[in-house]
Structure formats: C-alpha cells, structure tokens
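Numbering (the working numbering), first residue to last: 3 to 248.
Note that these hints are calculated values from the structure, not bench results. Check the hints yourself; a few may be wrong.
Unchecked claim - Pair ranges (Cβ atoms, derived): (1) 156 <-> 106: 44 to 54 Å; (2) 214 <-> 89: 23 to 33 Å; (3) 214 <-> 234: 18 to 28 Å; (4) 118 <-> 138: 21 to 31 Å; (5) 212 <-> 192: 23 to 33 Å; (6) 96 <-> 214: 25 to 35 Å; (7) 212 <-> 89: 17 to 27 Å.
Using N, Cα and C, we set each Cβ at its ideal position, and we do this for glycine too.
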Amino acid sequence: MCLQEISSRIYWMPGEECTDRPVLGYIRGEKYALQVDAGASPAHLAQFQQELKRLHLPSPSFTVLTHWHWDHTFGLCALDCPSIACAETRAMLETVSHWRWTPEAMAQRLQTGEEIPFCDEHIRVEYRDPQEIRVALPEIVFTEELTLELGGITARLLHLPAAHGEDNVIVLLPEERFAFLGDAPCGDFYHLDGGYDPALLSQMINWMEALPFDRCCTGHGEPENKASLLEELRQEQQAIFVQPAE
Numbered sequence: 003m004c005l006q007e008i009s010s011r012i013y014w015m016p017g018e019e020c021t022d023r024p025v026l027g028y029i030r031g032e033k034y035a036l037q038v039d040a041g042a043s044p045a046h047l048a049q050f051q052q053e054l055k056r057l058h059l060p061s062p063s064f065t066v067l068t069h070w071h072w073d074h075t076f077g078l079c080a081l082d083c084p085s086i087a088c089a090e091t092r093a094m095l096e097t098v099s100h101w102r103w104t105p106e107a108m109a110q111r112l113q114t115g116e117e118i119p120f121c122d123e124h125i126r127v128e129y130r131d132p133q134e135i136r137v138a139l140p141e142i143v144f145t146e147e148l149t150l151e152l153g154g155i156t157a158r159l160l161h162l163p164a165a166h167g168e169d170n171v172i173v174l175l176p177e178e179r180f181a182f183l184g185d186a187p188c189g190d191f192y193h194l195d196g197g198y199d200p201a202l203l204s205q206m207i208n209w210m211e212a213l214p215f216d217r218c219c220t221g222h223g224e225p226e227n228k229a230s231l232l233e234e235l236r237q238e239q240q241a242i243f244v245q246p247a248e
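Required output: the full structure, derived from the provided sequences and hints.
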C-alpha cells in the first residue's frame, strides 16, 4: 500500500482487508509531524516508514492511538517516537500486555469472550507466529482532550463517545477541516456483534455534527465527506428504532 496525499499537510496509507490492517495517517507540521495509529505489527509499521522515506517526509515526532484494538496498536513496540493515548486506551493495553500468545491462551480468550473470532483469525494472518507479539504502552496519556501545535497546523485529540468502544480518540485538524476518526463510526463487535448502542450512536452523531470538519477518514475506509458519513450513521440510527412487522 502506498502513502497518498490528501493535502500538502495530510497523508494516509490505506488499510488491507486480508489482514485487517487499518488506515495509518500522517500530519506534517512546520515543526512536528504526527502519525495516526501505530499499525498492526512491526511489519505494518515498517511499510509505513518506508513510504515516508519514499516521499521524503520527516519521521513522526509523535504517534497518537485512536483506540486499543490490536490492529491499531501492535506496531507500537517498534515505534521510534513517543506515543499518545487516552487513559482508557492505556488501561486496556496494560491488560493486553499480560496476555500470552500460545495456542492454548488464545483459545481460552475466545471461550471467555476477551477476544472475538474475527480478531483471532486476522492476528494469525498478520503474524506467522503470534508468540512474536509484543504489546507496548503509550508514554503520554490524556483524558478528554489534548491539543498539539505542530507548526502551522493544530491537531486536537478528542476522546469521543462512540459505540465501537470506550476509548475512541479522533484527530481533528481545524485548519484543514479534516478529521481522522479511527474506528469510532463502527459498531461494537465485542458486545453487540457489530451493532450500535442507541445512546452512544446518538451522542456520536451529535458530537460529529458540531465539530469543524468537512472531510474525514475512518480506520478502515477512504477519505470521504462528513455529510455522507453522517447520512450513513443516521440510517443506522433509524434502523435501530424500526419496529419489526408483526
């Protein structure tokens, strides 16, 4: 996958469906550069770093994690810059850092519901030997919001209520009217089989409507208009409240 330009300051590297690798983002400021998510593995991160070299872009000064899920964080152990996450992400990764990656331990987590088959299957594709997994922890932790002045561009890291989990962070770039949303617009695959909690979905839509961006990129999608994404989410919202025919 190639790193692609959204604007002179914003780039994205598409995800890969076969391994469930997510989108990785890059914001270039005049003083600092910010990477969005650490990737699914050191190999995924290395691919991203090679793309930065190809385009003669500076190495990231910081990396922000959008949430704790493996595909967005397991490259963290190979990162060569400080990482940033909300407190909830840090707490979840602390738990995951104690997981063992033997076949027996992975099977046990499926039985208890700590892990879901979709993630288990894709981890086994990304890693030929899951026992190579090393879970690192972010160095910088915030609660509700952290603002980074990168030089000519501001990155607002916002802990956003969303159905996908309790630790969704988005990267809002007001000057560019763009946002990296991670998996926030997705449903809850751990508890609702990909569905949405109605209250959290409503909160997320209200938050997104009020935020100053016109275009965005989700964790496994392509750059799109905010209006089209909100329309998709409203359709999900309406479907929840449709009464089944008797």
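Q | Enumerated hints in conflict with the structure, sorted upward | A | Structure breaks no hint.
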